[in-house]
Amino acid sequence: MRNALKQYNFDWMLWRTYEAGSRLLAGTKQEYDIALRYIPYFRDPVKEVFKAKAGQLFLQMTATYLDNIVHAHQRGKKTCMTTFCFSPAILYALDIVPVTLELLTVMMTFLYKRGTGEFLDYCNEAGFTETSCSSQRGSMGALLADIGTPIDMVVTDSPGVCDTNANAFSFFAAYKDLPFFQLNMPPWLVEERVTEYQVQDYKALVAFLEEQSGKKLDIDRLRQILTELQKQDELINELEQFLCYRPLPLPVTTCLFIYAGRFMFAGMPIYTRLLELLVNEGRENVRLHQQGIYTSHEKSRGFFCYIDHYTHSLRLWQMLQELNIGYSGNILSHFWADSNPPVIQNNWKEAAYSIKTNTLEDMLTSIAQINSRMPMIKSIRGPYDSPYMWLQDTLALASMYKADFIVYNGTPGCRNTWGMVKLLAQDTEKAGFPTHIMYADAFDDRVQSWDATRDRFEEFLRVRRLI
Amino acid sequence: MFEEFYTVAQSINNEYIVKAKEQGVQCIGYTCSYFPEEILHSLGIIPYRVKGLNVSSLSVADAAFGPFICSHPKCLLQHFADGDYSFLDGIVVTPGCDSMRRIDECIRKTAVNLNLPVVPPFFFHYAVPHKITEYSVKWLVDELQRFIDSVTEHFSLSFSYEKLKESIAFYNRMRKRLEELNTLRMNYPARIAGADAVAVYVAGLSMPRDRFYSMVESLLSQYTGTNLEGRRRLMLIGSANDDIDFIKAIEGETAVVVADTLCYGPRLDVDYVDESDEPLHALALRYLNHSHCPRMYGGYKQRLAKVVEAIERAKVEGVVLQNIRFCDLHGAENGLIERDLEKMGIPCLRLEREYGPMADYERMRMRIDAFIERLEVRKFANISS
Numbered sequence: 001m002r003n004a005l006k007q008y009n010f011d012w013m014l015w016r017t018y019e020a021g022s023r024l025l026a027g028t029k030q031e032y033d034i035a036l037r038y039i040p041y042f043r044d045p046v047k048e049v050f051k052a053k054a055g056q057l058f059l060q061m062t063a064t065y066l067d068n069i070v071h072a073h074q075r076g077k078k079t080c081m082t083t084f085c086f087s088p089a090i091l092y093a094l095d096i097v098p099v100t101l102e103l104l105t106v107m108m109t110f111l112y113k114r115g116t117g118e119f120l121d122y123c124n125e126a127g128f129t130e131t132s133c134s135s136q137r138g139s140m141g142a143l144l145a146d147i148g149t150p151i152d153m154v155v156t157d158s159p160g161v162c163d164t165n166a167n168a169f170s171f172f173a174a175y176k177d178l179p180f181f182q183l184n185m186p187p188w189l190v191e192e193r194v195t196e197y198q199v200q201d202y203k204a205l206v207a208f209l210e211e212q213s214g215k216k217l218d219i220d221r222l223r224q225i226l227t228e229l230q231k232q233d234e235l236i237n238e239l240e241q242f243l244c245y246r247p248l249p250l251p252v253t254t255c256l257f258i259y260a261g262r263f264m265f266a267g268m269p270i271y272t273r274l275l276e277l278l279v280n281e282g283r284e285n286v287r288l289h290q291q292g293i294y295t296s297h298e299k300s301r302g303f304f305c306y307i308d309h310y311t312h313s314l315r316l317w318q319m320l321q322e323l324n325i326g327y328s329g330n331i332l333s334h335f336w337a338d339s340n341p342p343v344i345q346n347n348w349k350e351a352a353y354s355i356k357t358n359t360l361e362d363m364l365t366s367i368a369q370i371n372s373r374m375p376m377i378k379s380i381r382g383p384y385d386s387p388y389m390w391l392q393d394t395l396a397l398a399s400m401y402k403a404d405f406i407v408y409n410g411t412p413g414c415r416n417t418w419g420m421v422k423l424l425a426q427d428t429e430k431a432g433f434p435t436h437i438m439y440a441d442a443f444d445d446r447v448q449s450w451d452a453t454r455d456r457f458e459e460f461l462r463v464r465r466l467i
Numbered sequence: 001m002f003e004e005f006y007t008v009a010q011s012i013n014n015e016y017i018v019k020a021k022e023q024g025v026q027c028i029g030y031t032c033s034y035f036p037e038e039i040l041h042s043l044g045i046i047p048y049r050v051k052g053l054n055v056s057s058l059s060v061a062d063a064a065f066g067p068f069i070c071s072h073p074k075c076l077l078q079h080f081a082d083g084d085y086s087f088l089d090g091i092v093v094t095p096g097c098d099s100m101r102r103i104d105e106c107i108r109k110t111a112v113n114l115n116l117p118v119v120p121p122f123f124f125h126y127a128v129p130h131k132i133t134e135y136s137v138k139w140l141v142d143e144l145q146r147f148i149d150s151v152t153e154h155f156s157l158s159f160s161y162e163k164l165k166e167s168i169a170f171y172n173r174m175r176k177r178l179e180e181l182n183t184l185r186m187n188y189p190a191r192i193a194g195a196d197a198v199a200v201y202v203a204g205l206s207m208p209r210d211r212f213y214s215m216v217e218s219l220l221s222q223y224t225g226t227n228l229e230g231r232r233r234l235m236l237i238g239s240a241n242d243d244i245d246f247i248k249a250i251e252g253e254t255a256v257v258v259a260d261t262l263c264y265g266p267r268l269d270v271d272y273v274d275e276s277d278e279p280l281h282a283l284a285l286r287y288l289n290h291s292h293c294p295r296m297y298g299g300y301k302q303r304l305a306k307v308v309e310a311i312e313r314a315k316v317e318g319v320v321l322q323n324i325r326f327c328d329l330h331g332a333e334n335g336l337i338e339r340d341l342e343k344m345g346i347p348c349l350r351l352e353r354e355y356g357p358m359a360d361y362e363r364m365r366m367r368i369d370a371f372i373e374r375l376e377v378r379k380f381a382n383i384s385s
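Residue numbers (my numbering), protein chains in the order written: chain A, 1 to 467; chain B, 1 to 385.
One thing to keep in mind: the hints can contain errors.
What the hints assert, rightly or not - Dumping the calculated SDA-like pairs for lysine to any residue here, alpha-carbon to alpha-carbon at most 20 Å: (1) Lys422(A) with Asn113(B); (2) Lys422(A) with Ala63(B); (3) Lys203(A) with Thr357(A); (4) Lys176(B) with His290(B).
FYI, nobody ran anything at the bench for these hints, they're computed from the structure.
Predicted model only: the values in this text are computed from it and were never measured.
Whenever a hint applies, use it, and build me the whole structure from the sequences.
See the structure below:
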């Protein structure tokens, strides 16, 4: 890694950048326009985010998340390295600061033209494999090189779901000799034995977190967080209804805001405010019969059956708007509450979670169930064609959103999905959805340039007469 | 003396399986060392650890799996698609790693897509936890019971704890004999080549176990040893390997693999099943505990300690850390082991390779030769000082 890159902590740099970005709209329109001239590398993502009314709050939320990380130790809090598919609600209940690798990676790839290339490579220098998932490596490299807030403990919930994910956390813990805890997922979802196992595992996690943080789980605080989560679920449900409308009444970044916010601040009021803003914008657009993608006509609509493409300047979202493509969801934006529209529509209550806050036992069961239904944790734990797994979820969501086509995008490091995505695509094609498999790396343009990725995407859309 | 073992180890089907099948004996394949053979043995079924040897094309495997997948499960799938495993009456798929567990869908879908009768009649997804706790052991006990219920129902067999106890005792005896064999190469000087030892182990996973046991007994009683003095003593760590040619490629004329942690091999410790414990609980404990595999997240320190113990016991001079491309579990752990062993002054060589025909034989040989040279220089320096 270049010495120059080691001069500032990467999380501190990110915090300052997002903090500054979130204040851009504080002045006049003229001041904003002038400011954009001075941030040539950052202005495209900034403009893209601000197309949504919730954009400014989204940036503020991101800045707050980074602020929490940067100042965690100064404020007497412990930091916990974790993953996007682990609900941070329990960490907030114990006053531990989550440091989510995939979020930090995306925060960097969105903003910096160079992406996270040097951090990715540093992981290899430290002995980690180059074939592992780039979503963790992107920021893990910086933490391996000690240019970020020191980590106090490591928690992951992907064993049984995604090896490359779990392996990154286990590697980091071993490399730095840190306390490590894994939540372990059986390969199916709906069975009393599975629930019992997951609840026991979750209780062991709570004991681990209490030991590491030196704090006892505050039942009232947990209840407050779960109650807030219920409120957030209701708002997400309403947003999902809007996302089914055609034309789309919400900006194309809505889905990103929903899941990124949830990964950062599940159960926290700041995320509730973001969702409320999105809901208000949706309601207003529906009332005025306006569409949210700010283009003339929604030509077709896609459903991303895995993740989005996160490299510089939110170019995926820009492209979708330029091509007048509505984009209403991906597998990351679903959290499977018992009130969630696809759960209701398909009568999938047994595969959903319910939040109960009467007793501690109720709450621990609820939060264990929430966690075991996080994106990826729910859908790709077992064979993709088993009940409540990837195929069933994909077809149900694509149908609900009235999608015209399905796109798979991931990373070459995703051994799990690459082990079955070709078969999944055959099934979704048979079900009537033209399906495009992107061979790009969602976090690293060096694998396939964005231009090549876009060309192939457009070719698919043209050949299948979708645009 | 080892010919028979090599013949069985280096082919998919073999005469022992053919004969047993002619007598109506069932045979069930499995994909991972976390599966307890004892249960099948007690039911009179031959357990068969599926291998990926001798594949000449990946036409079907490439169509089903994506491009970023380890070549070992791809070779397994190709064998299924080519009908080479048609002698199996069942298959047990374990989430050993992501690539391997996806063979579940790939076999089933290949059968549908290509209209091939490649799915064995009995198909079982065996869920092994990734951690060792009281509740994960309980989970595995339940999983073993689920397997017993399923297999006995499918084949209309009756299960008996008495027979299972007998099988556990038999396997313990077999482990004892294999440990003696392993000692032959771990002792100084080594009296058996690594390739020969691995051939015995791999053969043992591919034939009726009672016959194998008598073959091992006979080998141990007659074998007088090979003179391997003067060869550099290596340990082999990393991805699964059922390919004897790979071991031969590493040993060449100048080295001997005196210890390994490989799946299909002895792993580090033989670990017996506790015969005084309740049988399913004893099996669950043994199989969760024994395997030296990075799929058990968070267990690096324990695994490293066992590696170091083996290095000391076998007087290992250098360690070869290999992983099949896209095998991140072993690839990443090899990075940690390399760092820690080198710190302790134990020379390491890290290799990434493809599974299957030794396409990169020369490249690998060149690197191993250079490594052996490093060991020679080091030995010379030690003698001089």
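Results for each hint:
1. Lys422(A) with Asn113(B): 12 Å, holds
2. Lys422(A) with Ala63(B): Judged against 20 Å, a Cα distance of about 8 Å means the pair holds.
3. Lys203(A) with Thr357(A): Holds - the C-alpha atoms of Thr357(A) and Lys203(A) are around 16 Å apart, at most 20 Å.
4. Lys176(B) with His290(B): Distance of about 15 Å is within 20 Å: holds.
Of the numbered hints listed earlier, not one is contradicted by the structure.
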